[in-house]
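**Q** If you're matching them up, the sequences are chains S and P in order. By this note's numbering, the letter at position 108 of the first sequence is numbered 108, and the numbering carries on one by one without gaps. One gets this note's numbering by counting positions in the second sequence from 1 and adding 120 to each.
Hint data in this document are derived by calculation from the structure and do not stem from the laboratory. It is possible that some hints are incorrect.
[Unchecked claim] Cβ-Cβ distance ranges computed for the label pairs, FRET-style:
#, chain 1, residue 1, chain 2, residue 2, range
1, S, R17, P, T163, 41 to 47 Å
2, P, E169, S, N20, 48 to 54 Å
3, P, E418, S, K113, 30 to 36 Å
4, P, R133, S, T7, 35 to 41 Å
5, P, G618, S, T78, 56 to 62 Å
6, S, P47, P, F345, 53 to 59 Å
7, P, E414, S, T78, 35 to 41 Å
8, S, P60, P, L441, 32 to 38 Å
9, S, K113, P, D552, 26 to 32 Å
[Unchecked claim] Once the Cα atoms are required to be at most 30 Å apart in a straight line, the calculated DSSO-like pairs of lysine-lysine come out as:
#, chain 1, residue 1, chain 2, residue 2
10, P, K437, S, K15
11, S, K113, P, K489
12, P, K555, P, K161
Backbone N, C-alpha and C fix where the C-beta goes; we use that ideal spot for every residue, glycine too.
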Amino acid sequence: MPVQAITPDYVGDIKDRFENFHGNQVVYVGWDHHLMFCAAFAYPLPPETPFRSLLETVMPEGFSLHPEWEQIDWNTATWLLNGEPFVPQPDVALKDQGIGHKSLLRFQTPELKGYQNAGV
Amino acid sequence: MAAKKLNIKDKYRLLTRDLDWEFSYQDHKKAFPFEEFEGIKITDWSKWEDPFRLTMDAYWKYQAEKERKLYAIFDAFAQNNGQLNISDPRYVNALKVFLTGVSPLEYQAFQGFAHTGRQFGGVGARVACQMQSIDELRHVQTQVHAMSHYNKFFDGLQDWSHMHDRVWYLSVPKSFFNDARAAGPFEFMVAIGFSFEYVLTNLLFVPFMSGAAYNGDMATVTFGFSAQSDEARHMTLGLEVIKFLLEQHEDNVPIVQKWIDKWFWRGTRLLTIVSMMMDYMLPNKVMSWKEAWEVYFEEAGGALFKDLARYGIRMPKHADLIAKEKEHVSHQAWWIFYTHGHAAGFHTWIPTDEELDWLSEKYPDTFDKYYRPRWELAKEMEAKGERFYTKALPQLCTTCQIPMGFTEMDNPTQISYRESIYKDERYHFCSDGCKEIFDEEPEKYVQSWLPVHQIFQGNCGGPDVEDVLRDYYRMNVGADNLDIKGSPDEERWKKWKGVA
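Excised from the complex, chain S in its bound form (with noise of 0.2 Å):
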C-alpha cells in the first residue's frame, strides 16, 4: 500500500516534479572522499546544458575553494551518474547522455586523498 490513509485512494502532490522548476531541472555533484563540502552540491540547470558548462561555469563556484580542485586531472576522473560508471560527453546536452531530473554525479579522484590525506 503506497500510503495508510483515511481517505481511500489517497494520492500525494509529488512537490519537486520537473515542471515545477521552471524550465530548470535538478542535478546533484558530489566528490567522493573530499568532505570539506558537507554533502552533494544541488544545481538547477537547464535540461540542454552541456555538460562542459556544468564542469566549467557552474561546479567552480563551490569546489575550486578545496586545495585540491586545481590539481584535479579530468582526464582521469571516474564517474557515477545514479551509481552507475559513466563518461560524460563534454559537448552534448545532460539530457541527451541521461542526466536527467534529480540524478545525482559522483567524481572520483583516486590520486587526490584529500585535505591531509584524510578524505576531507
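Place chain P on chain S using the hints.
**A** This is chain P only, laid out in the frame that chain S set:
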C-alpha cells in the same frame, strides 16, 4: 444540607471514566472515524489502565503551583541580569536552536495530542491525551518566557515561530512532527508518546537541562525542573499505549513494530541536532553525545526492549548502525552548520584548541582520523581571512530532510547515498532507514517540502540566498547569521564584561 465531600476514589471515577457514555442512537464508528483505518484492533477499551491517577481539578492545582514558582524565578533572573552569568555567549546559540527547533514541536505536540485524544474510543486514553496536550501547551509557553529575556540581549531569537515554518534546517524538526500528526492516532501515539517521549526524550532533556546548569542558565534549568514531572507522566503514558496495543490483539504486534522501527529511526536522525549541541555548542560540556547515547539509549532502552520481548517486540531496526554512528554524527552535523554559517539563524565557530582536544579524548577512534582535519582546514582558511562558507546549496534527504552529509559506517569518508524510483521520479536518501520509510508510504513523502528545491522553484523569494534569508526567513542578515567572531552578540558581551 452541606455538600458531601467526595473521597479521592469516587472523585477519580467521576472525573475520568464516568465522563464516558454509551452511544444509543449514534453509530460509535461515526463518532470515532479514525479508530480503524490503521489496522489496529481494539477489543476492549476498558482494559486501558490509566497511567497516572490524576483528575482535572488536581491537575490544575499542581500545575498552578509549579507556574507560580517558575515565574518567580524568571522574574528574579531578569531583575538580576541573569544573562551575564552564563559561561560564554556561544552558549546562547544552543538556546536559539532550541527555541526555533524544539519549542515549536511542543506546540505541535499540543495540537497532536488534542486531535489524537479526540479520536480514541476509550475515555481513559482520551483523558490522558488531554492532559498531555495541555502540558505541551504549557511547555511551549514557559520555554518562550524562559528565553524571552535573552531576546533582549542577543540576536536570533526574535522571530522563532516564523523561522520554524520557513528556515531550511528547521524543516527537519517541523517535518518530523508533521509526519507524526498526519498519521493516524495510534501511529501518532507510538511515534510521539512512545518512541519520542519514552525512548528518546531523555536524550533531549537531560543533556539540555544539565547543559543549561553547567553553563549558568538558571532560567532554562528552572523550566526543565518544572517540566520534569510532566515528562514523567508522558513517559508513563507512552509505555501504557504500547502495552495496551500489544495486549489487545496479536495482529497489532507487527504494525507496532513497524512504527517503532520507523519512529526510532526518524527520532535518532532528529536528535542529530542535539548531538551537535552537546559536543560543539555547550562551552562547558556535560558529557559527549556518545556517552549520552550509551547511558540513555543503549542501557535504558536496552532494558526496555528486553521487557517488551515477551510481546514479540524486538529492538528497533538499525539500532546496530546507530551504535556506530554515535561516533560520527555530531561532527558531521556541526560541520554542516559551520560550512552553512552564512545561512544559519545562529552563530557557528571553530572549536577552541581545548575543545578539539576534548573531542579527541571523547572520540579516540574517529575524531583525529576523520574530523580534526576538517577543523585544521577551517583554521587555515580563517587565518587567511577566508572563513569557509559553502557556495552552493546541499542535496537533502527526502525523508529526514537533513543535508546528505552522513557517511557509510564501513567507509566513513564516503557519503551514504540511497535512492528510490517511484512513478518515474527519483528520490534520494541519507540511509537505508530513511529509504525504507519512503518505500513504505511513498505517496506521503513525495510531498516533502524540501527547502533547497523550494528555493529553486521560486517559492522562497530570492533570487539570491541573502534575499531568501532576509525576506523569506526574516533573519537580520549580518547579525543573526555568520561566525560568532565579529558578531554583534560577541561585541556586546565584551562590552558588558569590560573586555577589549
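**Q** Does each hint hold? Answer for all of them.
**A** Each hint, compared with the structure:
1. R17(S) / T163(P): 41 to 47 Å: Given a distance of about 44 Å, which is inside 41 to 47 Å, the answer is holds.
2. E169(P) / N20(S): 48 to 54 Å: holds (50 Å)
3. E418(P) / K113(S): 30 to 36 Å: Distance hint for E418(P), K113(S) holds at roughly 34 Å.
4. R133(P) / T7(S): 35 to 41 Å: For T7(S) against R133(P), whose Cβ atoms are near 39 Å apart, the range 35 to 41 Å holds.
5. G618(P) / T78(S): 56 to 62 Å: Roughly 58 Å apart at Cβ, these two residues keep to the hinted range, so it holds.
6. P47(S) / F345(P): 53 to 59 Å: holds (58 Å)
7. E414(P) / T78(S): 35 to 41 Å: holds (40 Å)
8. P60(S) / L441(P): 32 to 38 Å: holds (36 Å)
9. K113(S) / D552(P): 26 to 32 Å: holds (28 Å)
10. K437(P) / K15(S): Holds, at about 29 Å.
11. K113(S) / K489(P): holds (13 Å)
12. K555(P) / K161(P): holds (28 Å)
The structure meets every hint from the earlier list without exception.
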